[in-house]
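Using the sequences provided together with the hints, build the complete structure.
Numbered by UniProt numbering, the letters in the sequence shown go through residues 1 to 300 in order.
Note that these hints are calculated values from the structure, not bench results. Nothing here was measured: the structure is a model prediction, and the numbers come from that model. Positions of the beta carbon are idealized from the N, C-alpha and C atoms, including for glycine. Possibly wrong hints are sitting among the right ones.
[To be verified] Cβ-Cβ distance ranges computed for the label pairs, FRET-style: (1) Trp55 to Glu92: 14 to 24 Å; (2) Ala67 to Asp155: 42 to 52 Å; (3) Ala67 to Ser116: 34 to 44 Å; (4) Glu129 to Trp55: 16 to 26 Å; (5) Val125 to Lys54: 20 to 30 Å; (6) Glu92 to Lys118: 27 to 37 Å; (7) Ser26 to Gly261: 34 to 44 Å; (8) Val27 to Leu91: 13 to 23 Å.
[As the list claims (entries may be wrong)] Pairs of lysine to aspartate or glutamate residues, derived as EDC-like cross-links and limited to a Cα-Cα distance of at most 20 Å, are as follows: (9) Lys94 to Asp35; (10) Lys72 to Asp29; (11) Lys85 to Glu122.
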Amino acid sequence: MTLPTSVRLVEVGPRDGLQNEKQPISVADKVRLVDDLTAAGLGYIEVGSFVSPKWVPQMAGSAEVFAGIQRKAGVTYAALAPNLKGLEAALEAKVEEVAVFAAASEAFSQRNINCSIKESLERFVPVMEAARQHGVRVRGYVSCVLGCPYQGEVDVAQVAAVAEELHTMGCYEVSLGDTIGVGTAGATRRMFEAVGQRVPRAQLAGHFHDTYGQATANIYASLLEGIAVFDSSVAGLGGCPYAKGATGNVATEDVLYLLDGLGIHTGIDLNRLIDAGQRICAVLDKPNGSRVAKAQLSKR
1 MTLPTSVRLV EVGPRDGLQN EKQPISVADK VRLVDDLTAA GLGYIEVGSF VSPKWVPQMA
61 GSAEVFAGIQ RKAGVTYAAL APNLKGLEAA LEAKVEEVAV FAAASEAFSQ RNINCSIKES
121 LERFVPVMEA ARQHGVRVRG YVSCVLGCPY QGEVDVAQVA AVAEELHTMG CYEVSLGDTI
181 GVGTAGATRR MFEAVGQRVP RAQLAGHFHD TYGQATANIY ASLLEGIAVF DSSVAGLGGC
241 PYAKGATGNV ATEDVLYLLD GLGIHTGIDL NRLIDAGQRI CAVLDKPNGS RVAKAQLSKR
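Next up, the structure:
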């Protein structure tokens, strides 16, 4: 299959990247991160999450972050809003797009949100209806598509079924996530081949964690399957608070370097992106998780 000529990156650093951090992060630092990412040319930024701070403390203050960022025309500023209460809070914050999430693994669904996959999908019905009424687009996430920390292998037929259900419910795009980063290029291609028979590939995205160092290889495999949207996190920040051993998301810098090398357009400035990653890593007092950033910084 011919590689896509352009790719859209969904920057999840401010939400998925920060949600697992232990130390408090100020609203000002979150706002600065979003503004830095906007300046670097990201066209889609997941700013925060409207969930109970009891479960995800780092996402407290998401409304204040949305109020403080400098929004740029043409850039989508999105948030996770998995229930009606979350959607209502997102609407108050003038969020343009929201995301809901389900798992391809029954075990993960029970451990993560204390309900079955079927029950989790049923909970989204009022969210989808309210979002439609307010003209807000909804993006869907499916976690554990290439492996689960509790049940091990996940049947691709189950992944396809959950993705199709989200698509049928009205999610304009479904992001398929290797939550614990165990996927390989071959498994990635087989997964997209199965899901692509039930959901148009133009409405699918890839979300890879780099636990086994396979994320960029899996993205290349996805490109070969016609996938042209990928989630990534500046400086490789992130991990799942409910998936033991899950390391950070694939670094946006590393994905950008791969795409640039393939001649695929993104419209993102790598140097500005590296600077954004360095600033937030300084705040967090942790090393930059991007191999590309480390290599480029060593030359400065």
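query: Hints broken by the structure, by number, lowest first?
result: none
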